[in-house]
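Number of protein chains: 2
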Amino acid sequence: LCFVGECCCLAETRQNGSNPNIIIMLMDDMGWGDLGVFGQPSKETPNLDRMASEGMLFPNFYTANPLCSPSRAALLTGRLPVRNGFYTTNAHARNAYTPQEIVGGISKDEILIPEMLRKAGYVSKIVGKWHLGHRPQYLPLEHGFDEFFGAPNCHVGPYNKTFRPNIPVYNNSQMVGRYYEDFRINRASGESNLTQLYLEETVKFLRRQAASGERFFLYWAVDATHTPVYASKRFQGKSQRGLYGDAVMELDDSVGVILKELKTLGIAENTFVFFTSDNGAALTSGIQAGSNGPFLCGKETTFEGGMREPGIAWWPGHIKAGQVSYQLANVMDLFTTSLSLAGLPVPNDRAIDGLDLTPVLLNNTIIDRPIFFYRGNEMMAVRVGLYKAHYWTWTNSWEEFKQGVNFCPGEDVAGVTTHTQEEHTMQPLIFHLGRDPGEKYPISVQSLEYQRVLKQITPLVEQHKNSLVPGEPQLNMCDLAVMNWAPPGCEKLGRCLTPPESAPWKCEWPH
Amino acid sequence: LCFVGECCCLAETRQNGSNPNIIIMLMDDMGWGDLGVFGQPSKETPNLDRMASEGMLFPNFYTANPLCSPSRAALLTGRLPVRNGFYTTNAHARNAYTPQEIVGGISKDEILIPEMLRKAGYVSKIVGKWHLGHRPQYLPLEHGFDEFFGAPNCHVGPYNKTFRPNIPVYNNSQMVGRYYEDFRINRASGESNLTQLYLEETVKFLRRQAASGERFFLYWAVDATHTPVYASKRFQGKSQRGLYGDAVMELDDSVGVILKELKTLGIAENTFVFFTSDNGAALTSGIQAGSNGPFLCGKETTFEGGMREPGIAWWPGHIKAGQVSYQLANVMDLFTTSLSLAGLPVPNDRAIDGLDLTPVLLNNTIIDRPIFFYRGNEMMAVRVGLYKAHYWTWTNSWEEFKQGVNFCPGEDVAGVTTHTQEEHTMQPLIFHLGRDPGEKYPISVQSLEYQRVLKQITPLVEQHKNSLVPGEPQLNMCDLAVMNWAPPGCEKLGRCLTPPESAPWKCEWPH
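Respectively, the protein sequence lines represent chains H and F. For the record, in the first sequence the residue sitting at position 33 is 33 according to UniProt numbering, with numbers rising by one throughout. For the record, in the second sequence the residue sitting at position 272 is 272 according to UniProt numbering, with numbers rising by one throughout.
Honestly, the hints are just simulated from the structure, not real lab data. Virtual Cβ for every residue (Gly too), placed ideally from N, Cα, C. Mixed in with the good hints there might be a few duds.
[To be verified] Derived CB-CB ranges, DEER-like: (1) F/Lys455 <-> H/Asp368: 57 to 63 Å; (2) F/Thr264 <-> H/Gln323: 23 to 29 Å; (3) F/Gly213 <-> H/Arg452: 55 to 61 Å; (4) F/Leu448 <-> H/Arg184: 22 to 28 Å; (5) F/Gln403 <-> H/Glu449: 40 to 46 Å.
[To be verified] Cut-off 25 Å, straight-line C-alpha distance, at most; resulting in silico cross-link-like pairs (SDA-like, lysine to any residue): (6) H/Lys440 <-> F/Val405; (7) F/Lys238 <-> H/Ala321; (8) H/Lys455 <-> H/Glu378.
When you get a sec, could you build the whole thing from the sequences and use the hints?
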């Protein structure tokens, strides 16, 4: 068995040449219902729909937390945020992430997919949004990636640099500019060529790797569907859905270009591709939000709309075309599955939540396992088979809600979409997601079905809770001094800003 | 030009042998979101999904009224219910239909698809639910069908015969038994072989017609997804969605059998098939209801959930495989399109609301036209392009709602899903269905977009209203004496019941 830091792994991998390249396509705030194949009425994702028809569709694919940073940390570590530190203990059941003020980031004790894959000779690149911490020690090249083109944080403001720095864009270890200054996103029109830049970087990388024959891991974490949503001129006005739809169409087009490039380069049959999103559509964004299809609420919540993600696996010649897998799966499985595909064992010095999906992918088997739905430090819900039990319900606070922040616009299920944190740990709300994917009809606690299901679920939850050792929370402290004032490379560009004095505080996470 | 009752039509039809057989598959209370291809998470309709991939998908297909009888009358006459008489003037904006007490039915002055097709030599059969009146003069064989296997009304109770007769099942002009007595639907288990009976009748018909070479029109109006939902033993427990899903799977299987049979018989390339449903999923049925996907509310309402229907056209060798048409289309188009396919002109002595979809089907062109959303005697809304303007909003009354009758469970859009009839005729609520398919965000009346769209829509609505000549309402009077006490054929079976004395009253339509 291999331990981190040892060099035994490579020797132990399957050396038969069957270990494929790995591409993980992670969308930002894209919803389950944004794909034609998942019922978007405008049917504007022909490339993703084709990817599904050439591969395997996962209608039951989940994230690990209904917010960006924890979801991404979980994907790359194979571990729940409550284990890998991407959560807060400042308050109960709060979604925390990595804005510029955050002091923390991904711990050096965590092992990320590219760190492992390096042991099997893979070259790893991230294109797009990192979101696992922006201070130097947290950047991608410190955590296993060989290359980085993109940004450490979300492409949110300040849009000018009066009060706080704009987010830097990196090429590998050096900042090459900042959003809104050098990398333009027109706030009025939503025009930006960023998706095209990311695509260009990607295609260059694929061609180089194909030429070299070196195995690669590409983490394509594009963010055009995160507010402020953007699209290139060529795609603006193309969608029936407005700018958001234009962004989806541009990303869909990029997926098409990438898959086609893999075929052209002759490496399609040696490249495993998985498409998903970091959390449900951000319904708070109103008319420029994505769609969670028939599911309840969205981003920030542990209802299906916040947690259920599009999932498509593609690997011509290995994954049979046109399949649907009902496997309950999640982003953390991509860690374990990537290792398995690379012939690597998972680290055995820590709890890993991800499952090896290769039997599912190759034989369409079903592996029985629960899915846990976390919000910050709390396990809010669990899914077992077609049933989902909510131990805590919460959308957001009345205070926020009354100010117009609505995670479930147009939706109101009494006793379910609550605006106070409601504890149901003694008697969870249980839904049958087959009959009731919208989580509207809690099963009567008096019913035999409820009793039967509760008996089945309870030991799984107890086992999970009893064995859970929470990691050191990384998202508790904030400090204006840690913002992107002077990222590496700023000197060369003459673009360094002067940070204020350090004055850390406990971050406030309102929901 | 041809007039009804004249014999000129046949001579004028295209005699080149290209006029295909026509099959209209009309589901009962099945929702847009019940098909895998439209995003049902359980993806349990492989045959319909394949039908779509071999044909043309219509994501913008509508009914003419969010309730069964008027929808079916509209489909078969090509005319809005307000024209063909399938509405009530007893109260404003009420959905009326044909329960057993109804005195009226389809007027002899209306011309139905099979009456027209007969002129072109087609043999017509209806299998399943008629719902255009159950009194002798209203039955299918009086309105152009050559054959009838099914029932005149819904398969609702009484379940016993204490208070009122059970619904008869006909074979052509003769009753052959009654639901719950001779044609069993197990109310406890939901088991019934009716869908299989309907399939058997259908396959027999197809084989006979293929052998004879006579052109045919098949109206396959199966009703397993209408409450009380039923499925055959073979399909029970097969779905992830409970009994409702079992029923969907059985119907999907029947679709597969029928399409396969067409291929086996060598008539697939000469048979046009269209699949749709009569109205949106009946969300009042709670956990045994279908799904309207991302759309608002369901059956009985003029929101998208009540009016938008699954639409799939299939005609191998003529309709190119794998297409999506964004055409705004509706059930009345099936009248005009059927006539066009048969080489017949439409009657020119009356207003016809249906459009000839053949250019859409054969060339994927888009024809600009509005879609009107009626509830009883009121035009509630109109769709023009991607915009929809609501002139009236109403779900149901507070009285009903407080008794638990909910047409929009879990959904509540302030000022939209109203429980009083709200008039907006001077300033309609306008939605952009591309950006906002769920009708959650009315466009601000102050916006330029609103003003522009209103200017575009207003003349279309005025033209429609000004030229509209309502037909004689057929659904105003009820009478216990007209129920199915003694249907034709009951004597032979010794199954006649004695009707009470006639005592007509004005039917009450609560919503």
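Quick rundown of the hints versus the structure:
{"no.": "1", "hint": "F/Lys455 <-> H/Asp368: 57 to 63 Å", "verdict": "59 Å, holds"}
{"no.": "2", "hint": "F/Thr264 <-> H/Gln323: 23 to 29 Å", "verdict": "26 Å, holds"}
{"no.": "3", "hint": "F/Gly213 <-> H/Arg452: 55 to 61 Å", "verdict": "57 Å, holds"}
{"no.": "4", "hint": "F/Leu448 <-> H/Arg184: 22 to 28 Å", "verdict": "26 Å, holds"}
{"no.": "5", "hint": "F/Gln403 <-> H/Glu449: 40 to 46 Å", "verdict": "26 Å, violated"}
{"no.": "6", "hint": "H/Lys440 <-> F/Val405", "verdict": "15 Å, holds"}
{"no.": "7", "hint": "F/Lys238 <-> H/Ala321", "verdict": "23 Å, holds"}
{"no.": "8", "hint": "H/Lys455 <-> H/Glu378", "verdict": "21 Å, holds"}
Figure legend: structure checked against the earlier numbered hints; the only hint not met is number 5.
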